[in-house]
Amino acid sequence: MLGLGIGITSGVLRQSLTPARLFADGSNGLLWDFSTTSPLYSDNAGATPLTAPDTGVGLVADRSKGLVLGPELVTNGDFSAGTTGWSATGSASLSVVSGALRVTNSAAVTGGATQTFNTVAGTTYRWTYYVDPATSGGAVIRVRDGGTLAVISTATRTVAGSYTILFVATGSTTQLNCINSSSTAGVYHDVDNISVKELPGNHGTQSNVSFKPKWGRAPVSRRNLLQQTADFSAAVWSKIKGGLGADPIVTSGFTDPDGGNTAWRLVANSGGSGASDYSVLRQSFTSTTGARSVYIKSNTGAPQIIYFGAPLSGSALIATTTWTRVSYNAATASAFFDIGAFPNAAGGGSGTTADVLIWHPQSEPGSTATPYQAVTSTYDMTEAGVPSYGFIRPDRTDDVLSTVLTLAQTGDVAVFGRNGSWLETARAYTAGATFSIGPTTVTGLTAGLLAALGDIVGIVAIGRTLTAAELASTLSYFKARGAAGWLVAGAGQAANGDFATDTIWTKGTGWTIGSGVATKTAGVAALLSEPQTLIAGVSYLIEFTLTRSAGQIGIRFEGGTTISGSAYSASGTYSQVLQAVIGNNTFAFSTDTVFAGTVDNVSIKPLTVAP
Amino acid sequence: MTTSAFLIIPVALKPAANAVGLAMGWGPNNFDGVALSNDGGATVTHWACRTDVDQVFLDLLANPPAIDGVETVTAALDVNLSETLWGIDHATAVMADKGLVRVDHAG
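Taken in order, these protein sequences are the chains called A and B. Using my numbering, read the first sequence as starting at 1 and increasing by one per residue. Using my numbering, read the second sequence as starting at 1 and increasing by one per residue.
Bear in mind the hints are in silico, worked out from the structure with no lab data behind them. Small disclaimer: the values here were computed from a predicted structure and weren't measured. Even for Gly, the Cβ is constructed at its ideal location relative to N, Cα and C. Do not take every clue at face value.
[Unchecked claim] Just the calculated beta-carbon pair ranges, DEER-fashion: (1) A:L149 x B:G99: 44 to 50 Å; (2) A:V97 x B:E83: 35 to 41 Å; (3) A:S287 x B:E83: 15 to 21 Å; (4) A:T573 x B:T72: 43 to 49 Å; (5) B:A23 x A:S27: 40 to 46 Å; (6) A:S476 x B:G99: 56 to 62 Å; (7) A:R325 x B:Q55: 56 to 62 Å; (8) B:A23 x A:S95: 48 to 54 Å; (9) B:Q55 x A:L407: 26 to 32 Å; (10) B:L85 x A:V538: 16 to 22 Å.
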C-alpha cells in the first residue's frame, strides 16, 4: 500500500469515478472530489490522511489523472545494490547494514548521503522513506533544487519510522540529502526504501492552519437542525428557568432503546404552577416551522406529563414507562426545541416536575418526523443505514485551497455545492496560473460565487467543452453525494437598471443620471442606491457595466447588516454574487472619494436551483 | 468546543504578527488573507485572519510564550470571538461594528 488511503495494486489506484472518465481523453485540468476522504490530507505534504470531520484540509489530491504514480526516479533506494547511485558528502562514510544505508560521520564534520535525479519543474512528486535517527542526533532528510540548491522540503527526523511527503519540484533536477545533524565523529543514521515517483495532477494545497477549509460529512438529505444531539450537556443546550423554577439537570449514561447507554436523564422542577414558573432544557436554531421529536421514557416508574413545545407554549405530552418517540409539528415558525416542566404553558401544561430519560432529539423542516439524524457538530451528521458524504466549508473570509496549473487550458469549470452547482464555460488559464477555491469564489469564475453554493462537494475544471451528457452525468454523480442542481438566474428585479430616466435611484453627492447612464464625479464618497426586495439567504447575481476613469466602486446590500462585495477599479462588464441577510432592503453602488465614472445596465437576479 | 476568531492587526504590525504566528506553529502569513480599510477606500489600514480557535489558543493569547515581538503583537491585536457567528458572517459583523471594509478587487 502506497499510503494514499486508497486500495491499490501494482501502483494503479481504483478509477471508478464517473467525473474522472472526463479526463480519459487526456484533457488537462483537475477533479477535486471532497465527497470522500480518500484524496484528502490534513497536511499539505500528503503525510497525514484526513479521517475525521471538523478537520482542516491541507491537501486534496487531483483525481483527474487517476492518481496513477509515475516510474521510480530514485536509483537503488532499497540499497539492494549496496551504495550504488549514492554519494557521500562531508565526512560521511556510506555502508549497507541489514539492508539499510548507514550514513556515518567519519570525522568531526557532519556527513550525509546524496543522490540527484531528473524532475520537471512544477510537477508534484510523492516521496517516501524509512529513517532511523540512531545516534545522529536527528537525521536531516531533505530535497533541494538540483540547480539552485534551494531547499524544497526538509525535516529533522528524531523518531524512527516511515514518512510520506508530497513536494513540487522547482527544477529539471532534484537533489535528495540524508545528513547527520550532529557533527560528532562516529554518529550515524540509517535510511531505507527511499522512493520518489511523480503524482500527476493539479493538487490543491494549503499550508497555513488558519486558511484550511474544514471538512465535514452529512447524508444527502440534511434534516436535523439541532446540534450536539447526543450530548445534552453541551453548551448549545441551554438550561433555562423562570419564576420559582430550578435549572434543569441532565445526566448521561442511561440505557437507551437500543440497549446502549447513550440516553440522558432530564430532571426539571418548575417550583410551582405560576404563570412564569418553568424549568426547561432548550436549544435554539434558525426559526422554522416543522416537526420536533424526541424519544422519551419516564424515569419514575409512572407516567408523567412533560412540557414539550416552543417557545414556552404548547404541547404537553405523556412520558410513559416505555420508550416512545414523540413528536409535534410547529405550524408557526419557532426557533426553539424545548422540553421540561412548565405547568402553565399555553396549549397544555405539564406537571411541576419532570424526571425522564431522553434520547435522539430532532427538529426538521418537514411537518412529519423522519428517521433520526445524529448531529455531533455542524461538520458531522450521520443517519443509520444512510451514507454520509463529505464536503468542505470554506469560511469565505480567508480559506483557500490552491494549485499551480501545469499546463494551459481553456474549457468548462463546474463547482458542485450543497446549495447549488455552477458552470462557466470557456474559462482560460495559462500554464503556471494559480487556480484556487476561496476565499469568495473560484479562480476565473464569478466574484462572490461561493456564497450561493454552500458546502462544496467537488470541482471539475477541464481544458475542453463538456457535452450535455457529460455535464448531466457529472452533476448526477455529485448530486448523489449531496450537491444540489444547477443554479439559474431568475427574472431581473432592478428597476431602471438602464437609467433610461432619472427616477427610482437615490443619488448621493456627485451622482447624476442622464443619457442612459449614472455618472459620478470625484470629490466625495457617495452611494447610488435603490430599494430592493431581498430575501434573507437568497443569493443574487448582480451585473453591471462600468466605465471608470479614477478611484474605485463597489456594490453592496444595505438594511440590517451591510453585505459588501468586491470593488472595481477598471472599466468593464461585471458579474458578482451577493447573498442577502435579514434586513437587507437596498442595493447600492458605493464609491471612494476619488471615483469618477459611469455605471449602466444594472441587473439583479435571484439565483435558484433548477428543477 | 471551537470558537470563531476574527483577529485584526494594524498594517504596520502585519510582518511581526505573521512572525509570531509562524513561531507558534500556525504556519506562515496568517494575516495575509484579509486586507481591510478604515476609510472605505483602497488604502489598506489593517489585516485580519479568520480562524477557529480553542481554549489552548485563548490561553496562549493570555499567556504568550517568550517569542520575539509577541508582546507588541498581542498588545495591538484586536481579538474578536464568537460562538454564535462563524466565517464570513462573523467577519462581516465585526467589520461593520468597527467601520472596516474589505479591500478586495474583482476588476
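Okay, the hints, checked on the actual structure:
In this structure the supplied range 44 to 50 Å holds for A:L149 paired with B:G99, their Cβ-Cβ distance being about 49 Å. Between A:V97 and B:E83 the C-beta distance comes to about 56 Å, which lies outside the given range of 35 to 41 Å. Remark: the range hint 15 to 21 Å for A:S287 to B:E83 is upheld by a beta-carbon distance near 19 Å. A hinted range of 43 to 49 Å holds for the C-beta pair A:T573 and B:T72, which are about 46 Å apart.
Roughly 44 Å separates the CB atoms of B:A23 and A:S27, a value that falls within the hinted 40 to 46 Å. For A:S476 and B:G99, the hinted distance range of 56 to 62 Å is not satisfied, since their beta carbons lie about 47 Å from each other. The given range of 56 to 62 Å is broken by A:R325 and B:Q55, whose C-beta atoms sit roughly 36 Å from each other. Checked against the given bound of 48 to 54 Å, the beta carbons of B:A23 and A:S95, roughly 39 Å apart, lie outside it.
Between B:Q55 and A:L407 the beta carbons are some 46 Å apart, a value that contradicts the proposed interval 26 to 32 Å. Taking 16 to 22 Å as the suggested C-beta distance range, the pair B:L85 and A:V538 conforms, at roughly 19 Å.
When the structure is compared with the earlier hints, violations turn up for hints 2, 6, 7, 8, 9 and for no others.
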